Each structure stands twice: as C-alpha cells, then as structure tokens.
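K.L.:
What follows is each chain in one-letter form.
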Amino acid sequence: MAEIPMVFILAGLAAYTVLAGADFGAGLWTLFAGRGEAGHSAIRHHARHAMGPVWEANHVWLIFVLVVCWTAYPVAFGSITSTLAVPLFVAAVGIILRGFAYALRGQIEGAVGERAIEYLFAVSSMLTPFALGTVAGGIASGRVPVGNAAGDLVTSWLNPTSILIGGLAVAAGGYLAAVYLAADARRVGSWALERDFRTRALVAGCCAGAFALAGLIVVRFDAPSLFAGLTSGGGNVMVAISGAAGVATLMLVWRERFGLARASAALAVAAIVAGWALAQSPLLLPGLTVEQAAAGRSTLLAVIVAVAGGAIVLLPSLVLLFRLFLRGMLDHGAAADVGVPSPPALPHKTRRRLLEGFAAAMLVIGGGLAVLADPGLVLGLGVVCLLACAVATFALVAVESDSET
Amino acid sequence: MTIAALGGAVAPVDPGYLFQARQMQALSLAVHIPLVCFGIAFPAMVLFCEWRHLRTGDPLFRTLARRWSKVMLGLFAIGVVTGTILSFELGLLWPEFMARYGNVFGLGFTLEGFSFFIEAIFIAIYVYGWDRLRPRLHFLAGIPVALAGVMGSLFVISVNGWMNHPTGFTTQDGRAVDARPWSALFGNGYFWHEFVHMYVAGFVVAGFLLAVPYAWGFLRGRRDRYRRTALTVALSAAAVAAPLQVFIGDWAAREVAHHQPVKLAALEGLARTTRGAPEHLLGWYDGRDVVYGVEIPRLLSLLAFHDPDATVAGLDTVPVEDQPPVNVVRLAFQSMVGIGMLLALLSVVYLYVRLRHRRLPGSPWFYRAVVVAGPLSVVALICGWVTTEVGRQPWIVYGIMRTSQAVTGASGIPIGYGTLIAVYLGLAGGVGWLLHRFSRLPIEVDRDG
Ligand code: HDD
Ligand code: HEM
Ligand code: HEM
Numbered sequence: 572m573a574e575i576p577m578v579f580i581l582a583g584l585a586a587y588t589v590l591a592g593a594d595f596g597a598g599l600w601t602l603f604a605g606r607g608e609a610g611h612s613a614i615r616h617h618a619r620h621a622m623g624p625v626w627e628a629n630h631v632w633l634i635f636v637l638v639v640c641w642t643a644y645p646v647a648f649g650s651i652t653s654t655l656a657v658p659l660f661v662a663a664v665g666i667i668l669r670g671f672a673y674a675l676r677g678q679i680e681g682a683v684g685e686r687a688i689e690y691l692f693a694v695s696s697m698l699t700p701f702a703l704g705t706v707a708g709g710i711a712s713g714r715v716p717v718g719n720a721a722g723d724l725v726t727s728w729l730n731p732t733s734i735l736i737g738g739l740a741v742a743a744g745g746y747l748a749a750v751y752l753a754a755d756a757r758r759v760g761s762w763a764l765e766r767d768f769r770t771r772a773l774v775a776g777c778c779a780g781a782f783a784l785a786g787l788i789v790v791r792f793d794a795p796s797l798f799a800g801l802t803s804g805g806g807n808v809m810v811a812i813s814g815a816a817g818v819a820t821l822m823l824v825w826r827e828r829f830g831l832a833r834a835s836a837a838l839a840v841a842a843i844v845a846g847w848a849l850a851q852s853p854l855l856l857p858g859l860t861v862e863q864a865a866a867g868r869s870t871l872l873a874v875i876v877a878v879a880g881g882a883i884v885l886l887p888s889l890v891l892l893f894r895l896f897l898r899g900m901l902d903h904g905a906a907a908d909v910g911v912p913s914p915p916a917l918p919h920k921t922r923r924r925l926l927e928g929f930a931a932a933m934l935v936i937g938g939g940l941a942v943l944a945d946p947g948l949v950l951g952l953g954v955v956c957l958l959a960c961a962v963a964t965f966a967l968v969a970v971e972s973d974s975e976t
Numbered sequence: 007m008t009i010a011a012l013g014g015a016v017a018p019v020d021p022g023y024l025f026q027a028r029q030m031q032a033l034s035l036a037v038h039i040p041l042v043c044f045g046i047a048f049p050a051m052v053l054f055c056e057w058r059h060l061r062t063g064d065p066l067f068r069t070l071a072r073r074w075s076k077v078m079l080g081l082f083a084i085g086v087v088t089g090t091i092l093s094f095e096l097g098l099l100w101p102e103f104m105a106r107y108g109n110v111f112g113l114g115f116t117l118e119g120f121s122f123f124i125e126a127i128f129i130a131i132y133v134y135g136w137d138r139l140r141p142r143l144h145f146l147a148g149i150p151v152a153l154a155g156v157m158g159s160l161f162v163i164s165v166n167g168w169m170n171h172p173t174g175f176t177t178q179d180g181r182a183v184d185a186r187p188w189s190a191l192f193g194n195g196y197f198w199h200e201f202v203h204m205y206v207a208g209f210v211v212a213g214f215l216l217a218v219p220y221a222w223g224f225l226r227g228r229r230d231r232y233r234r235t236a237l238t239v240a241l242s243a244a245a246v247a248a249p250l251q252v253f254i255g256d257w258a259a260r261e262v263a264h265h266q267p268v269k270l271a272a273l274e275g276l277a278r279t280t281r282g283a284p285e286h287l288l289g290w291y292d293g294r295d296v297v298y299g300v301e302i303p304r305l306l307s308l309l310a311f312h313d314p315d316a317t318v319a320g321l322d323t324v325p326v327e328d329q330p331p332v333n334v335v336r337l338a339f340q341s342m343v344g345i346g347m348l349l350a351l352l353s354v355v356y357l358y359v360r361l362r363h364r365r366l367p368g369s370p371w372f373y374r375a376v377v378v379a380g381p382l383s384v385v386a387l388i389c390g391w392v393t394t395e396v397g398r399q400p401w402i403v404y405g406i407m408r409t410s411q412a413v414t415g416a417s418g419i420p421i422g423y424g425t426l427i428a429v430y431l432g433l434a435g436g437v438g439w440l441l442h443r444f445s446r447l448p449i450e451v452d453r454d455g
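Those protein sequences? They're chains R and V, same order as listed. When the letters of the first sequence are read in order and numbered with the working numbering, they come out as residues 572 to 976. When the letters of the second sequence are read in order and numbered with the working numbering, they come out as residues 7 to 455.
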C-alpha cells in the first residue's frame with residue numbers, strides 16, 4: 572500500500588511532463604519562431620494561440636503531484652523542498668510570470684507592451700521546466716538527504732545530472748509542442764505552418780535525443796548508483812522502451828503521422844519517468860525507502876480513496892475537454908447560430924409576494940436562531956435559514972430589471 | 007532512525023528568518039485570497055446572467071455573461087498561479103510542518119487539487135465554448151465551475167480549521183501518528199464557521215469590487231441599460247451577503263471564545279481573567295490595559311457567552327511567550343468588524359430602495375460609497391485572515407507546534423522575499439492596467455467577440 576500513492580505521483584509527473592511540457596514548448600516557439608515558409612509572425616501567432624483552453628488543466632497536474640507527495644510522504648517532501656529551495660523558488664517565480672503573461676496576453680493584442688509580455692512569456696516558459704528538471708536531477712542523483720535543509724543549497728541542483736535533465740526538459744517540451752502544433756496546423760488547413768512545425772519538431776527531437784544520450788553518459792560518472800539502476804533489470808527495459816519510442820516518434824514525424832507521433836512521444840516520456848522510479852527503487856531519498864517515508868495506513872487509505880473517487884469525476888471531464896479542444900470546438904472564431912429560447916416570462920405578482928414572505932420569515936427565524944442558540948445543530952439551522960433568506964432576497968432585487976432610463 | 011532527523015529534535019533556526027518567512031507567507035496569502043473570492047462568487051453571478059438570458063431571451067444578459075466570463079477566466083488564471091506559489095511555499099517555508107503533519111491535513115489539499123482540476127476543465131469549456139455549444143449545454147458546463155470553486159475553498163478551509171483546532175491524530179516523539187485525516191479535517195470545531203464566513207465574504211468582496219467600475223461610471227453619467235443591469239446584479243449579490251456576514255461573524259467570535267480563549271483575549275485586549283468583562287471600542291493595548299478606548303461594560307461577556315456575568319479568560323492565563331501580538335490582532339479585528347458594519351448598512355440602504363421603490367438609489371453619495379466599499383471589503387477580508395492567523399501565533403498548529411519549529415532551515419529567505427515582492431508589484435500593475443483597458447472596450451450588445 573505504501574507504493575500506491577507513489578504510482579499516482581509518477582503518473583501525475585508523466586502527465587505533467589507531457590501536457591505542460593508541450594505548453595512550455597509552445598512558449599519556446601514564440602521566441603525561436605524563425606522564418607519558415609509561413610513567416611515569422613504567422614508561426615508565432617500559431618504557437619501563441621494553440622494552447623489557450625487547456626492551459627489551466629495542464630498545470631493542475633503539478634499541484635496534484637505536490638499534494639499527494641506531501642500527504643503520503645511528508646518527511647521526504649519536507650526534505651526535498653528545504654534542500655532544493657532555490658530551484659523550486661525559481662520555478663515558482665517562473666510560474667507566476669508565465670501565468671501573468673498568459674492572462675495579459677489575451678487582452679492586449681496590438682497594444683504597447685505586447686512585445687515585452689511575449690518575451691516574458693517565452694523566457695518563463697523555458698525557465699520553469701529547466702528549474703523543475705534540476706529538481707528531478709537533484710533527487711535522482713541522491714543529493715537530497717533526509718532533514719530540514721540538510722543538503723547543499725547550491726550543488727544539490729547545480730550539478731551535471733541536474734543541468735542535463737533541465738536541458739532535456741526544455742528540449743522535450745519544444746519537441747512535444749512542435750509535434751502538436753504541426754498536427755494543429757493540419758487541422759486548420761495551413762500547409763506552410765504544418766511544414767514549418769514539422770521541421771522544428773525534427774530539430775527539437777534530435778536535441779532532446781542528444782540530451783538524453785548525454786544524460787546517460789553523465790549519470791554514469793555523476794550518479795553511479797542511478798546509472799546502475801538504469802542499466803539493469805526493469806530500469807533497463809524502460810530505458811530501451813523510451814529510446815525505441817523516441818526513435819519511432821522521429822520517424823512518424825518525418826512521415827507526417829502527427830497523431831501517432833504524439834502518442835509515441837508521450838510513451839517515451841512516461842517510460843523515462845518509470846525507468847527513473849525503477850532505477851532508484853526502493854529508495855526515495857538516500858537512506859529512506861518509499862516504505863519508510865510513507866504516512867500511516869489511514870492516511871494512505873484516505874489518499875487512495877480520494878484519488879480513486881476524484882478520478883471517476885476527473886477522467887471523463889478531461890476526455891470531454893480534450894475531445895472538444897482537438898475538434899476545434901473551443902476555437903476562437905465565427906459565431907455559430909445561437910438559438911434563443913422561449914420569450915420573456917414576466918414575474919408574477921403573487922410569486923413576488925410569496926418570495927417576500929419567505930425571505931422575511933427566514934430572516935426572523937434564522938436571525939433568532941443564529942444569535943441565540945449556542946454553537947451546534949440549532950445554530951447551523953439558523954445559518955441555513957439566513958442563507959435561504961439571502962437567496963430569496965437576491966431573487967427579489969436582482970431579477971426585475973428597472974425601468975428607469 | 008532517519009525520520010527523527012526531521013520529526014524529532016528541533017534545529018535552531020535564525021529568528022530573523024522566521025519573521026521574513028511569516029511575512030512572505032502573509033504576502034502571498036494576501037494576494038491569493040481576494041482572487042479566491044472571485045473563484046467562489048463570480049461563476050454564480052455569471053451563471054445567473056446566462057440563466058436570465060435563457061429565460062427571457064434578452065441579449066443584454068448574454069453580453070453581460072460573456073464579458074464577465076472573460077474577466078473570470080483572467081482572474082482564474084491569476085488565482086491559479088498565486089495558489090501554486092502557496093503550495094510551493096508550504097514546502098519552501100514550512101518543511102517541518104509539512105513533514106510532521108502532512109499526513110494529517112494533506113488530504114484536504116489532495117481533494118482541493120481535484121476541485122481545481124474540475125474547475126480548470128469546465129471554465130475552459132465554458133469560456134471558449136460560447137459560440138460553439140448549444141445554449142443549454144453551455145449553461146450546464148458552467149455549473150461544475152461554480153461548484154468546484156466552492157468545493158476548493160471548502161477543502162482549504164478545512165486545513166485551516168484543523169490548524170486552529172487540531173484533532174484526529176496522536177502525537178508520538180513529536181510526530182503525528184495514527185492520523186485519521188477525514189475526522190481531522192471535517193470534524194474539527196473550526197471548520198464550519200470559517201467556511202461559511204469565508205464563503206459569504208466571497209460574495210461581499212466579489213460583489214462590491216465588481217460594482218466599483220459601474221458605480222464610477224454612474225457618477226460620470228454613464229447610465230445605459232447595460233451598466234444598470236451589471237450594477238444591479240453585482241450589488242444585489244454583495245448586498246444580500248453583507249448583512250448576513252454580521253450574524254456569521256458573531257457565530258465565529260463565539261466559536262473562538264469556546265476553542266481559543268487566548269485569541270479572544272487578544273481580540274479584545276483583555277489582560278486579566280474577568281467576570282462580566284467589558285468590550286472596548288478603538289483604543290490601544292499598552293501591555294496591561296486598553297487605553298483611550300470606549301468601554302462598554304459587560305458587553306464582551308454578553309456577546310461571547312450570552313451572559314453579562316460570564317467569566318472571560320484573559321491573556322494572563324498563558325505565559326507571555328504564548329501570547330499573540332495583541333495590537334496587531336486587535337486592530338485587524340476591529341477594522342474588520344467596523345468595515346463589516348458599514349458594508350451592512352450600505353447594503354440595507356440598497357435593499358430598501360430596491361425592494362420599496364424597485365429602482366436603483368439616486369443619490370450620488372450612494373455611488374461614492376460603493377466605490378469606497380469595494381476596496382474596503384478587501385481590507386476587511388485581509389483583516390479577518392490576520393485576525394485568525396496572527397491571533398493563533400505563536401502556534402502554527404494550535405497548542406501543539408510552534409511556528410518557529412516549522413520554519414525552514416534554508417538560508418536566503420530575504421532574497422526570496424524581495425523577489426516575491428517585486429514580482430507581485432509587477433503583477434498588481436499589470437492587473438490594474440488590464441482592468442483599465444477592459445473597461446474601455448466598447449459594449450456591443452448583439453454581436454461581441
Ligand atoms: C468581507 C469580509 C468580512 C467581513 C465584512 C467580516 N468578516 Fe470576519 N472574517 C473574514 C471576513 C470578513 C475572513 C473571511 O477573512 C475570516 C478569516 C478567517 C475566517 O474564517 O474568516 C474572518 C474571521 C473572523 C473571526 C475570526 C474567526 C477565527 O479566528 O476563526 C471573527 C471573530 C470574525 N471574523 C468576526 C466578524 C464580525 C463580528 C464581523 C461583523 C461585522 C465580521 N467578521 C465581518
Ligand atoms: C482562504 C483560503 C483559500 C481559499 C478559499 C482558496 C481557494 C482557491 C480557489 C477558489 C482557487 C481557484 C482559483 C480561482 O478561482 O481564482 C484557488 C486556487 C489555488 N489555491 Fe487557493 N485557496 C485558499 C488558500 C490557499 C492556500 C493556503 C493554498 C496553499 C496550499 C492554496 C492553493 C491553491 C492552488 C494550488 C490553487 C491553484 C489551483 C489550480 O491550479 O487550479 N490556496 N484557491
Ligand atoms: C486555508 C488556508 C490559509 C489561509 C487562508 C491563511 C491566511 C493567512 C493570512 C491572511 C495571514 C496573514 C496575512 C497578513 O498578515 O497580511 C496568514 C499568516 C500566516 N499563515 Fe496562514 N493561512 C492559511 C493556511 C496556512 C497554512 C497551511 C500555513 C502553513 C504553514 C499558514 C501559516 C501562516 C503563517 C506562519 C503566517 C504568519 C503569521 C504572522 O505573520 O504572525 N497558514 N495566513
């Protein structure tokens with residue numbers, strides 16, 4: 572049971588890397604748009620507009636990872652956040668700036684300051700995944716001991732493994748975004764944009780591959796035990812799967828099968844996350860196994876129940892969102908024919924009287940109970956009456972539009 | 007055992023850091039919480055407008071709902087990032103707190119995470135789906151947004167309730183064992199009043215703030231039907247909530263009297279345990295008494311325990327190092343209550359005119375008051391949280407863990423604090439500018455994009 576929340580965390584991490592990674596990557600392409608066939612501004616425009624509707628949903632995965640981690644493995648969470656405070660803070664600032672730029676961007680098309688906001692967006696889109704990548708590197712290379720800020724505040728994240736993983740995170744994001752944007756360009760029927768993003772995908776894919784290979788070599792010297800884990804047993808299998816999926820993705824992009832390419836790219840990322848987990852299992856931090864780090868039984872059970880229950884609501888909603896999104900149902904654009912139902916229904920005089928009476932009664936009963944009763948069920952009932960009074964009053968004062976001119 | 011390194015002995019921490027860490031936490035919360043109010047109340051108002059459109063076919067309501075929903079999305083995005091910062095900070099600033107008690111209260115945040123997921127998904131469908139989804143379907147897509155906003159705050163408040171009234175676990179060697187998270191979060195004595203008070207505050211703050219630009223426009227003579235309707239909806243939401251808040255505040259104060267007598271003593275500046283305790287308005291606590299205040303005999307005993315002769319515990323029931331900073335708490339509390347009363351009064355005026363004469367108030371003074379009421383409601387909100395949080399000091403988990411035991415051992419907090427201030431100032435400037443620009447956009451009732 573101690574491992575189940577870890578599986579949730581890893582799944583969340585993989586989802587965050589794939590979904591938010593593509594999102595960060597789109598930011599990168601607004602900066603490195605280049606010329607291409609479609610032209611600089613068309614490329615930037617395309618990268619900028621593609622992500623809108625799914626932006627928020629993609630980023631909640633990070634929250635999910637954090638909260639499950641601190642609930643199920645509190646000691647490990649405290650150790651990680653205190654030792655790796657610097658990159659985590661950098662990531663946090665990156666997230667604020669990016670969200671801020673995102674919120675502003677939609678509103679200021681063509682206004683002064685648009686350029687500055689764009690740069691802010693692009694730079695924070697690279698800073699955040701890089702910083703988060705260095706965090707992963709610090710944990711993976713065993714530089715986070717158990718304790719309140721027990722590790723080195725600098726070398727825990729400024730080290731070869733961290734830097735390579737940070738770079739990999741940025742490159743992989745650029746790659747995922749380019750694949751996605753190429754597919755999206757096809758959907759809107761822009762052939763030039765499709766070609767442009769295909770090229771960008773191939774370049775970024777090769778970069779990501781290079782980072783991954785370099786990473787393996789660096790890890791061999793910098794974090795020998797991680798390397799041993801990655802090259803034996805389950806870790807080895809996962810690395811092989813990831814490599815194969817990575818190569819397959821490049822081929823698919825080459826042949827312009829973007830939909831499949833997206834799936835295999837996601838597989839490559841998920842396999843790396845799984846490989847990392849297998850390589851260092853059963854250890855979470857040096858000297859601390861997942862089993863030892865886990866919270867008590869009832870907490871774990873509560874987390875599992877909460878996640879399972881949440882998933883029942885969440886997964887269908889996510890499917891709905893992505894289906895609408897990928898079908899272009901959430902695009903900007905011309906209004907469909909919006910039918911307006913039934914003609915005005917005028918408020919009834921008797922209805923109004925009833926509502927007034929109800930509101931007054933609730934006010935008297937609720938006010939009396941809430942002020943006089945001691946805390947407990949009776950007082951609760953009073954509060955409910957007062958809330959009912961508020962709703963009824965709102966209906967009275969807000970519904971009728973006034974006739975004054 | 008490895009775990010003892012974090013859970014057991016307390017590493018000595020630089021007290022300077024503690025202060026900065028507290029300031030940093032307070033700053034981030036003060037930025038996040040006003041946005042949260044919009045998360046709670048805005049979807050309900052937008053849905054109300056859309057529902058009016060569906061009922062009456064009046065295109066004006068559709069325009070209103072559409073324009074508001076765009077603002078809602080922008081505010082949501084900023085709420086998301088400021089909230090994400092808070093999640094980071096819990097780890098960055100208070101790792102010991104997380105390490106020792108994460109297993110007890112973390113579930114609240116896990117559930118909160120799910121609500122935000124739902125909110126993020128449906129808010130996107132709602133705002134981007136205006137022209138594409140059929141009207142009824144579109145309306146339905148908004149309902150999860152409204153529900154999830156409320157659920158999200160409910161779960162966070164359950165955590166805060168637990169911090170104020172910790173139950174549902176046993177302590178062993180300074181670590182929480184045998185945690186029962188469900189009862190800890192939803193069975194504590196603080197959860198209900200905090201939740202209801204915050205929920206109603208959401209409507210007060212969002213309603214008054216939203217009314218500000220329209221009231222301003224009124225004063226400048228912009229009184230077309232669109233603005234009148236917008237003002238009516240926003241003000242009505244605030245006006246039914248504000249008087250209610252006085253009742254609920256009274257309830258909150260009585261719960262405080264019951265569960266945290268020292269906090270109550272700090273709220274009132276009551277130095278010694280007193281039978282038939284008086285209430286002081288205004289004034290200053292000089293370490294022994296409230297000076298320069300207006301004293302109302304026995305009122306405190308009456309309000310807190312419904313008995314003018316009841317005994318109220320004073321600050322002297324605990325040693326000085328266990329007392330919160332009295333003047334900060336007292337000033338915050340009195341400001342909240344004062345503002346709360348003024349807002350309630352303004353609301354009653356509005357409700358009276360609206361119910362009696364079925365029109366909006368005519369006097370420019372009313373609109374001037376509304377323009378002031380918006381910012382004041384935010385002040386009341388922050389003051390309320392200062393009352394709760396600073397009033398709980400020196401404890402982070404009331405009576406169990408001190409804030410100084412929770413803080414990080416990492417250096418560099420001043421740099422982080424400075425950076426955060428700079429970033430938030432930039433953010434504030436940007437938001438102001440955005441709202442300014444938005445208010446300048448022309449209103450097109452029939453076709454707007
Ligand atoms: C618009 C906002 C607003 C307004 C007008 C009021 N409050 Fe409030 N108050 C809050 C917003 C708030 C809050 C949402 O900020 C707090 C912080 C913690 C909480 O649960 O609600 C709060 C806390 C809070 C507490 C501390 C509770 C605790 O420690 O758990 C008390 C005793 C009161 N309030 C009492 C009042 C009274 C008597 C009011 C009467 C006029 C009042 N409040 C108006
Ligand atoms: C009074 C207390 C709080 C309430 C009522 C509250 C409620 C909310 C709401 C309603 C949102 C949705 C954003 C919006 O609609 O604007 C939000 C966002 C968020 N809040 Fe808070 N919050 C509170 C305090 C905190 C604290 C202390 C944390 C720290 C852990 C936190 C973490 C978050 C996170 C991570 C998000 C972003 C969620 C997302 O990505 O959608 N909140 N909060
Ligand atoms: C429901 C969630 C919470 C809300 C809404 C909340 C709200 C606040 C507010 C408004 C302040 C002071 C604001 C000011 O001075 O301007 C504050 C202070 C503080 N909060 Fe909370 N808080 C919440 C949960 C937490 C949590 C989870 C922690 C955990 C570590 C925490 C720790 C603190 C600390 C240490 C301070 C500083 C107290 C001081 O300055 O004396 N709070 N909080």
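Derived from the structure by calculation, the hints contain no laboratory data. Small disclaimer: the values here were computed from a predicted structure and weren't measured. Fair warning: there could be bad hints in the mix.
To be verified - Covered stretches of chain V (in silico footprint by chain R; criterion: 3 or more residues with CB under 8 angstroms from a CB of chain R, positions within the stretch not fixed):
| id | region |
| --- | --- |
| 1 | 115–124 |
| 2 | 242–253 |
| 3 | 257–270 |
| 4 | 357–364 |
| 5 | 372–381 |
Heads up, the beta-carbon is just placed ideally off N, CA and C, and yes, glycines get one too.
K.L.:
Give a verdict on every hint.
P.N.:
Now for the hints, and whether the structure bears them out:
1. Judged by the Cβ-Cβ criterion of 8 angstroms, the region 115–124 of chain V is covered by chain R as claimed, because 9 of its residues qualify and three suffice.
2. Coverage of a stretch by a chain is defined here by at least three residues with a beta carbon nearer than 8 angstroms to that chain's beta carbons; for the region 242–253 of chain V and chain R the count is 7, and the condition holds.
3. Evaluation of the coverage hint for the region 257–270 of chain V: fulfilled, as 4 residues show C-beta separations to chain R shorter than 8 angstroms, against a requirement of three.
4. As drawn, the region 357–364 of chain V meets chain R at 4 residues by the rule of a beta-carbon pair under 8 angstroms; at three or more, the given contact holds.
5. For the region 372–381 of chain V, the stated coverage by chain R is violated: 0 residues have a C-beta nearer than 8 angstroms to a C-beta of that chain, whereas at least 3 were required.
Hint compliance for this structure: hint 5 alone is broken.
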